[in-house]
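In the order they appear, the protein sequences are chains A and B.
910 is the number of the first residue of the first sequence in this note's numbering; add one for each residue after it.
685 is the number of the first residue of the second sequence in this note's numbering; add one for each residue after it.
It is worth saying that the hints were derived from the structure and are not from the lab.
Note that the structure is predicted; figures quoted are calculated from it, not measured.
All C-beta atoms, glycine included, are put in the ideal place defined by N, C-alpha and C.
There may be inaccurate statements among the hints.
Here are the in silico distance ranges between beta carbons for each label pair [what the hints assert, rightly or not]:
| hint | chain 1 | residue 1 | chain 2 | residue 2 | range |
| --- | --- | --- | --- | --- | --- |
| 1 | B | D1031 | A | D1290 | 52 to 60 Å |
| 2 | A | L1193 | B | A705 | 17 to 25 Å |
| 3 | A | K1093 | B | K746 | 23 to 31 Å |
| 4 | A | G1195 | B | A764 | 57 to 65 Å |
Some residues of chain B that are not near chain A, with every Cβ distance over 12 Å (derived) [claimed, not checked]:
| hint | residue |
| --- | --- |
| 5 | A704 |
| 6 | L744 |
| 7 | Q778 |
| 8 | L824 |
| 9 | N1009 |
| 10 | Y1037 |
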Amino acid sequence: MAIADVFEAEVSTRRNQNITTAPAKVWKGYEKVAFRILFIFFFLLTVPVDPEYYTQWFNIDWTNPHIRDLGGLGGYGYRFTTIKTESGIFGLASYVNWGIALLIGIAGGLVWTLIDHKATNYRVLYYFITVAVTYAMITRLQGLTFSKIFPSQMPPLAETQLNTPLGDFVAQKLYWIQLSLVPKYEVFLGFAELLVMGLLFFRGTRALGGALAIAMIGNIAISNHVYDGGVHVLASFYALGGAFVLWPYLRPIWNLLVNQKDEVLTIYQFPFKKPWQKAIRIGLKGFTVAIYFVLSAYLHYDNYEHDSYKVPARSGLTNSKGFYRVTEFKVNGEVIPYSSLDSLRWQDVTFERWSTISYTVFNTFNIHGEAGRGKQFKDVDRTYESAGTGGGRRHYYYEADTVKHTLTLFNKNKKYVNERLHLHYQRPSATRFILTGTDQYQNNIYVVLDKQDKKYPLYEGRHAALTYQP
Amino acid sequence: MSFFNISNGRSSEWKRYEKAALRFFFIYFIIQAVPLDWKFYRHLFSTDLLHLNFYGLFSLSKYAPQFFGITGFGNWLVAAAIAAMGTVVWQFVQKREPDYDALHYWLRVILRYRLAIGIIAYGLIKLFPLQMPYPSLSNLHTNYGDFFAWKIYFHTIGITQGYETFLGFVEILAGVLLFFRQTTTFGTGIILGFTGNVLAANFAYDAGEQVYSAYLVVIALFLFAYDVPRLYNLLVQQQYTIANKFVPVFRDNNLKKVRIALRAAFVLFVVLLGFSTYANYTSGPYKLPRTPGLKGSYGYYNVKQFKLNGETIPYSVTDPNRWQNVVFEKWATISIKIAKPIKPDSDTGGGYYLNDIDRNFESAGVGGRRYFAYTHDTVAKTIVLKNKNKNHAEETFNLTYTQPNDSTIILKGFNEKKDSVYAELNRITRKYMLFEGRRKPVKL
Chain A
910 MAIADVFEAE VSTRRNQNIT TAPAKVWKGY EKVAFRILFI FFFLLTVPVD PEYYTQWFNI
970 DWTNPHIRDL GGLGGYGYRF TTIKTESGIF GLASYVNWGI ALLIGIAGGL VWTLIDHKAT
1030 NYRVLYYFIT VAVTYAMITR LQGLTFSKIF PSQMPPLAET QLNTPLGDFV AQKLYWIQLS
1090 LVPKYEVFLG FAELLVMGLL FFRGTRALGG ALAIAMIGNI AISNHVYDGG VHVLASFYAL
1150 GGAFVLWPYL RPIWNLLVNQ KDEVLTIYQF PFKKPWQKAI RIGLKGFTVA IYFVLSAYLH
1210 YDNYEHDSYK VPARSGLTNS KGFYRVTEFK VNGEVIPYSS LDSLRWQDVT FERWSTISYT
1270 VFNTFNIHGE AGRGKQFKDV DRTYESAGTG GGRRHYYYEA DTVKHTLTLF NKNKKYVNER
1330 LHLHYQRPSA TRFILTGTDQ YQNNIYVVLD KQDKKYPLYE GRHAALTYQP
Chain B
685 MSFFNISNGR SSEWKRYEKA ALRFFFIYFI IQAVPLDWKF YRHLFSTDLL HLNFYGLFSL
745 SKYAPQFFGI TGFGNWLVAA AIAAMGTVVW QFVQKREPDY DALHYWLRVI LRYRLAIGII
805 AYGLIKLFPL QMPYPSLSNL HTNYGDFFAW KIYFHTIGIT QGYETFLGFV EILAGVLLFF
865 RQTTTFGTGI ILGFTGNVLA ANFAYDAGEQ VYSAYLVVIA LFLFAYDVPR LYNLLVQQQY
925 TIANKFVPVF RDNNLKKVRI ALRAAFVLFV VLLGFSTYAN YTSGPYKLPR TPGLKGSYGY
985 YNVKQFKLNG ETIPYSVTDP NRWQNVVFEK WATISIKIAK PIKPDSDTGG GYYLNDIDRN
1045 FESAGVGGRR YFAYTHDTVA KTIVLKNKNK NHAEETFNLT YTQPNDSTII LKGFNEKKDS
1105 VYAELNRITR KYMLFEGRRK PVKL
């Protein structure tokens, strides 16, 4: 029997049952109390009450919008406070704003219970708070989605990262850059997030969207906790929101599949019957599509093509990208032979496609605890390549004068923000650099660098008959 | 469609093409899921029940048929071809039509249990984090670009053993949900999300289990599809939805007994697998060598002095003989950085081996360092190094060792070419960003 036949035979009388015209159910006492608390809680978490949120819409140069503008437009829950302790950044205390919102919810919910004796149910409010949660999820997810679809959230690995030992990365960095080497997989994950956004956008698929959000982004939240990723609160919000959205569907699904009982959803959907209601609904849906799907996709595409936000924008010296051996090294005229234990002598050097240079010395340095995130304007602040690494490797942003052949190096580590190196460069051959000038300790240095033709196993793959060259 | 059992409790009326499709799926999945391959039984009976090792059971759980040495997805094609022929032949030889509802039910039963075993076995080696061991000290001293992609993927999970345990728990939960007919859809839903992602990652990182993870995903898809029309009708169409009312009836007493026996056997297998996996985790994880290393040697060493045939070679990153630095693992492995080309071991280090030298998880999929398994004699103070990489198996060092103080090791002896070698190693105590984390200010 085909599906339609069964319905004809079994449920012709019931199939057209319309939930919205059916008489409203009377909610039980505890249901009403629970709802009042959760309503206030989720309202605080999802609806921006901060006037700044609304003013930013008018401060954006709409003739020339930028992805930096989108993050704020995604909206955010009210931030009562932030706790600057370790737990406040990585642990339980980082959820302080959820806690405060819940306390306000409980207090507000109880007061509401005391003064409201008439309401038999809150199905209209329930409908709209569900909409608020769903749309908050969509608007806050778009940046992550499209920066994966146009892979710039985890940009390609830098030469310096390829030449840094595994143990010299912080766990958070390893978690992040594991996607940098497989851009196609990053795009795949981006489309999975787009699927979540799409499913949440429609009533019929909302439950599925909620379930996927719990599974996928809930997993990201847990990962952020275990790798100290630092964006766990943001990620947990999708899991929490997903659970809230999915909740009313759970009992019907369980009944249908496990108890094998016929089922129909009795979830109230606001009818939007009047023309002005319809207009607002279509307007808001259209607006969401325009800003958070279309515009966001375009801006992320544009950013990916022209100025990937985590990678410095200024390009490096022509044909300089690569890994270099330090063939000769002099300090104040004196040759220092290669040694794995010398604290001044550079051991190896990398040039990036963009204007970053790194070198290793055998020494210890203070490490800034940043994650290299955010959408920084200045190249020197774009530290995705260097944040979260140690082991004597130093990273410098540089400005080159290609006429005078000079380089000015600026330390990218925020603990050494005033460090400068003023160097003159010569390129006697395509693979050789000769650098002379003063280093950060006011020594005169003379450095000869020779580019190595490196083939990385990471990219060659295990099926290429690769011979690893040291 | 009768496949989805939406007949509201009556026996379904199977259309001709539905019957043909079911016969095809039945034959195809029986070939894929039921161990008909004689190699399985050779393996089963060679398993020593008295000294039950977990890997024997684990590899039973990974059964998939292999035809005449064909590898990978090719076997699927063979199974599909046989099923296609079988479907036609069945049509002609049958004397009486089978009960297609029953046939469908039994196919689902078989696939549920097949999938449950597969997913639980992999869950267990994550629950007790064996699948992705914590990266070895040598691996911590290897440049990121010098690993094959699969190894990066394994290490990234390996550094958070608690998370690996959590992932294992999710897989086991999904497997347990498959034990029960009514919760199958939840279990397969989890598997589609979880193993679906594993499948994508296997392709992305070339992790070597593409075919097997695809195999599990396809079975999960077949099982999940059963409830899709119902869920679609309930959630998307938001209409009155008729439940699947199917309840298997076992009239035959013998059948009842067989069913109970099979269920018991299944539970026993899972319990045995669980215990033996735990035992392997606590007594000597199978991907890591078992023999403890030289006492007090664990660490990272600079090679302060190095002589070849009596001649001192200064520090060099280009000399093909000069040792640059050495790592002593907790177990009997050392790795040496030498500027000499390496043909990396392309294996994924997932096998189970009795001998330490074959336990190649630490040395597979990586360039940069040369890995040696060693045997040492604490009385004669000798240490013999053998390269773990099959491509460099000839590389051997016959050495004597002295430990003048607790941070120095002096090695003297000969390599396989009878060149004399002398190396003075000084331990370097250093901090690792990976251990320091980014919560507190760090200097390193």
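Results for each hint:
In this structure the supplied range 52 to 60 Å is violated for D1031 (chain B) paired with D1290 (chain A), their Cβ-Cβ distance being about 43 Å. A C-beta distance of roughly 45 Å is found between L1193 (chain A) and A705 (chain B), which places it outside the suggested range of 17 to 25 Å. Our hint of 23 to 31 Å for K1093 (chain A) and K746 (chain B) holds, since their Cβ atoms are close to 27 Å apart. Range check, G1195 (chain A) to A764 (chain B): Cβ separation about 47 Å, and the 57 to 65 Å hint is violated.
For A704 (chain B), the condition that its CB be more than 12 Å from all CB atoms of chain A holds, with the nearest at approximately 17 Å. No beta-carbon of chain A comes within 12 Å of the beta-carbon of L744 (chain B); the shortest separation is about 27 Å. The beta carbon of Q778 (chain B) is kept farther than 12 Å from every beta carbon of chain A, the shortest such distance being approximately 23 Å. Not every Cβ of chain A is farther than 12 Å from the Cβ of L824 (chain B); the closest lies at roughly 3 Å, contradicting the non-interface assignment.
Some Cβ of chain A comes within 12 Å of the Cβ of N1009 (chain B); the nearest lies about 7 Å off, and the non-interface call is violated. The Cβ of Y1037 (chain B) lies farther than 12 Å from every Cβ of chain A, with a closest approach of about 19 Å, so its non-interface assignment holds.
In summary, the numbered hints that this structure violates are 1, 2, 4, 8, 9.
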